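Protein chains: 2
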Amino acid sequence: MPEYISGELKPAGLRCLAGIHYHPSIQAMKGLLMMKKRTAKLIDGKKVSEAILSELKQEIEGLKAQGITPGLAVVLVGEDPGSQIYVRNKRRTCAEIGVASFAYDLPKETPEKKLLDLIAKLNADPKVHGILVQSPVPKHIDEQKVLNALDPRKDVDGFHPVSKGKLLNGEECFVACTPAGCQELLLRYGYDPAGKHVVIVGRSNIVGKPVAALLMQKAKGANATVTVCHSRTKNLSAVTQTADILIAAIGVANFIKARMVKKGVVVIDVGMNRIPDATKKSGSRLCGDVDFAGVSKKAKAITPVPGGVGPMTIAMLMKNTVFAAKRSGK
Amino acid sequence: MPEYISGELKPAGLRCLAGIHYHPSIQAMKGLLMMKKRTAKLIDGKKVSEAILSELKQEIEGLKAQGITPGLAVVLVGEDPGSQIYVRNKRRTCAEIGVASFAYDLPKETPEKKLLDLIAKLNADPKVHGILVQSPVPKHIDEQKVLNALDPRKDVDGFHPVSKGKLLNGEECFVACTPAGCQELLLRYGYDPAGKHVVIVGRSNIVGKPVAALLMQKAKGANATVTVCHSRTKNLSAVTQTADILIAAIGVANFIKARMVKKGVVVIDVGMNRIPDATKKSGSRLCGDVDFAGVSKKAKAITPVPGGVGPMTIAMLMKNTVFAAKRSGK
Numbered sequence: 001m002p003e004y005i006s007g008e009l010k011p012a013g014l015r016c017l018a019g020i021h022y023h024p025s026i027q028a029m030k031g032l033l034m035m036k037k038r039t040a041k042l043i044d045g046k047k048v049s050e051a052i053l054s055e056l057k058q059e060i061e062g063l064k065a066q067g068i069t070p071g072l073a074v075v076l077v078g079e080d081p082g083s084q085i086y087v088r089n090k091r092r093t094c095a096e097i098g099v100a101s102f103a104y105d106l107p108k109e110t111p112e113k114k115l116l117d118l119i120a121k122l123n124a125d126p127k128v129h130g131i132l133v134q135s136p137v138p139k140h141i142d143e144q145k146v147l148n149a150l151d152p153r154k155d156v157d158g159f160h161p162v163s164k165g166k167l168l169n170g171e172e173c174f175v176a177c178t179p180a181g182c183q184e185l186l187l188r189y190g191y192d193p194a195g196k197h198v199v200i201v202g203r204s205n206i207v208g209k210p211v212a213a214l215l216m217q218k219a220k221g222a223n224a225t226v227t228v229c230h231s232r233t234k235n236l237s238a239v240t241q242t243a244d245i246l247i248a249a250i251g252v253a254n255f256i257k258a259r260m261v262k263k264g265v266v267v268i269d270v271g272m273n274r275i276p277d278a279t280k281k282s283g284s285r286l287c288g289d290v291d292f293a294g295v296s297k298k299a300k301a302i303t304p305v306p307g308g309v310g311p312m313t314i315a316m317l318m319k320n321t322v323f324a325a326k327r328s329g330k
Numbered sequence: 001m002p003e004y005i006s007g008e009l010k011p012a013g014l015r016c017l018a019g020i021h022y023h024p025s026i027q028a029m030k031g032l033l034m035m036k037k038r039t040a041k042l043i044d045g046k047k048v049s050e051a052i053l054s055e056l057k058q059e060i061e062g063l064k065a066q067g068i069t070p071g072l073a074v075v076l077v078g079e080d081p082g083s084q085i086y087v088r089n090k091r092r093t094c095a096e097i098g099v100a101s102f103a104y105d106l107p108k109e110t111p112e113k114k115l116l117d118l119i120a121k122l123n124a125d126p127k128v129h130g131i132l133v134q135s136p137v138p139k140h141i142d143e144q145k146v147l148n149a150l151d152p153r154k155d156v157d158g159f160h161p162v163s164k165g166k167l168l169n170g171e172e173c174f175v176a177c178t179p180a181g182c183q184e185l186l187l188r189y190g191y192d193p194a195g196k197h198v199v200i201v202g203r204s205n206i207v208g209k210p211v212a213a214l215l216m217q218k219a220k221g222a223n224a225t226v227t228v229c230h231s232r233t234k235n236l237s238a239v240t241q242t243a244d245i246l247i248a249a250i251g252v253a254n255f256i257k258a259r260m261v262k263k264g265v266v267v268i269d270v271g272m273n274r275i276p277d278a279t280k281k282s283g284s285r286l287c288g289d290v291d292f293a294g295v296s297k298k299a300k301a302i303t304p305v306p307g308g309v310g311p312m313t314i315a316m317l318m319k320n321t322v323f324a325a326k327r328s329g330k
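Heads up: the sequence lines are chains A and B, in that order.
Counting from 1, one number per residue, gives the positions in the first sequence under the numbering used here.
Counting from 1, one number per residue, gives the positions in the second sequence under the numbering used here.
Hints were generated in silico from the structure; no laboratory data involved.
The structure displayed is predicted, hence computed values, not measured ones.
Do not take every clue at face value.
The list treats identical chains as one, so a pair stands whether inside a single copy or across any two.
As the list claims (entries may be wrong) - List of simulated lysine-lysine pairs, DSS-like, C-alpha gap at most 25 Å:
id	residue 1	residue 2
1	LYS234	LYS218
2	LYS234	LYS262
3	LYS263	LYS234
4	LYS145	LYS326
5	LYS220	LYS145
6	LYS298	LYS234
7	LYS46	LYS220
8	LYS234	LYS220
9	LYS220	LYS47
10	LYS139	LYS218
11	LYS46	LYS234
12	LYS218	LYS145
Based on the sequences and whatever the hints tell you, model everything.
Spelled out as structure tokens, the structure:
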């Protein structure tokens, strides 16, 4: 096994120098060198999500003893392969922890009216405590109209305007799952956002804006000074460098570089991008919005991709479903 | 008439020096000196609101020709003197521009149920396009419950969760009047927030949080990088000093000092505080959250208090009412 020198890669011509051998695969070696230098603590979303699911499983047993079985309807329209994976994972998690899962797989050409009729039926069904319509829906369907048709009391995804409005107001509500997962990761690892400067890069309706609303509240686990950056932000690096906690949710692979953060930052990477990788059998791999190799050398703590925010999203969906079921009994 | 020297106040012992005389009232003189040094452009909310009301008046004439008279129900519970003034102003403005105003003045001890019944009646009344319940309501009434009872289509104050949620999502909605007024002032004076760093001090449900949601959107007149600061923000001055546009909405008189802002900032002062002033007949005067005398020397532009955001709030309420009436015709 050859020894590797740490630091910047040398040009190929210097591959063998003073008895030190370089691995033939530059890419693999670079990864290895960078791994060696990581100083950041890993925020393990898989571990945290398993802990949450295990807590929920116990809670569900208690509910069942009272005659309440939390029920989640998962509606999928069309055959998008990514959506199929997400939906399968959600249904599998339901089964694992004892949530009754109601599956509705509709063909791609389903008319909007038919989907709205299904929503109305599920709204009225007392066995269904939560309803989730997997995004995106086919283009001939108005997604916002479908979301608005949900009974807000069953809006476990937290996307209905009533949920969003209550979130902004700081009222009790279904918090959108990915934002809730980001907060939970911070808290379970002891990085309370109170008084910290949280910089959010990205202003989507499913992550950036709701996580901003969540963390700026006068509430336990929140109380952050919050900045939202986006495509129109000038001198983005100057802003991200002021972050105590950085939440990256822009959907651009490896966008946040080491030079854009300050030493000791806590990084939550919401990105989930597929990029080509010839070393993988599939020819590609998942990566986040953060250049993990570089940023993990400066950060105090960081989520990996995969295994960071991803598993938390499903866990928070289950938490919302259990909450909906508990509330329905009142 | 004596001449006044500009600059810092001299000690009393130097009152008469080289033939220059000082006015006997130090306070009045100080104000005058500072006025002399103001470099900021005044953002005149009174003038802008009059322009908007005049535009609306014309629009209402057009609507009346189509048989639609915009109607606003203004509900006041109790005899709070401040609320009485606000309500009187709103009703007077309705009369001035041709909005039909429906007055409901209820005694302080009105039960919550009775108020909710009135809301239900107004929700169903086709002559009423907008409903406003003057805040605050007496303590035995749950204000959020009352707001939630409004038909969102008549929520001209923009306080219903549906309005707030749509605002956060960037959907068409009733924008809360004070935030809408702040945006309108910026735009009418040519200070487009796009790409600018807007720092908001305060996170109330009626100003701070909704104005943040409004200005961070990917939309015309928005697109700002937005930071929300509050009581838990550490090193507030360091944050406010980075503002291109500063919105002060904390409710503390003269809180924002010159040293807390950078040269060339545009300042929107939402504060409306009453402080003692022995020179006034009433013994008090209104002032904002910004130390106007000091900050106006560094700012590029600034709103006065009174005469800044205040008149805009009523103008935007009227705009929302006309919008509601137009939409009802569809």
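Status of LYS234 relative to LYS263 across identical chains (alpha carbons, at most 25 Å):
Both: 22 Å inside a copy, 18 Å across copies.
How would you classify LYS218 and LYS145 at a CA-CA limit of 25 Å: within, between, both, or neither?
between (31 Å within a copy, 20 Å between copies)
Same-copy or cross-copy closeness of LYS139 to LYS218 [CA-CA at most 25 Å]
between (39 Å within a copy, 21 Å between copies)
25 Å Cα cut-off: does LYS234 pair with LYS218 within a copy, between copies, both or neither?
Answer is between: at 14 Å across copies they meet the 25 Å cutoff, but 29 Å inside does not.
With 25 Å as the alpha-carbon cut-off, assign the pair LYS298 and LYS234 to within, between, both or neither.
both (23 Å within a copy, 22 Å between copies)
Are the CA atoms of LYS145 and LYS326 at most 25 Å apart within a copy, between copies, both, or neither?
between (27 Å within a copy, 21 Å between copies)
With 25 Å as the alpha-carbon cut-off, assign the pair LYS46 and LYS234 to within, between, both or neither.
Answer is neither; intra-copy 35 Å and inter-copy 32 Å both fail.
Could you figure out if LYS234 and LYS262 sit no more than 25 Å apart (CA to CA) within one copy, between two copies, both or neither?
both (18 Å within a copy, 17 Å between copies)
Alpha-carbon proximity between LYS220 and LYS47, which holds within one copy, between copies, both or neither at 25 Å:
Within one copy only: 23 Å inside a chain, 43 Å across chains, cut-off 25 Å.
Is it within, between, both or neither when you check LYS220 against LYS145 at 25 Å Cα-Cα?
Between. Shortest inter-copy distance 23 Å satisfies the 25 Å Cα cut-off; intra-copy 33 Å does not.
Please sort LYS46 with LYS220 into within, between, both or neither, judging by C-alpha distance up to 25 Å.
Answer is within: at 24 Å inside a copy they meet the 25 Å cutoff, but 40 Å across does not.
25 Å Cα cut-off: does LYS234 pair with LYS220 within a copy, between copies, both or neither?
Answer is between: at 17 Å across copies they meet the 25 Å cutoff, but 32 Å inside does not.
Checked against the numbered hints given earlier, the structure breaks only hint 11 and satisfies all the rest.
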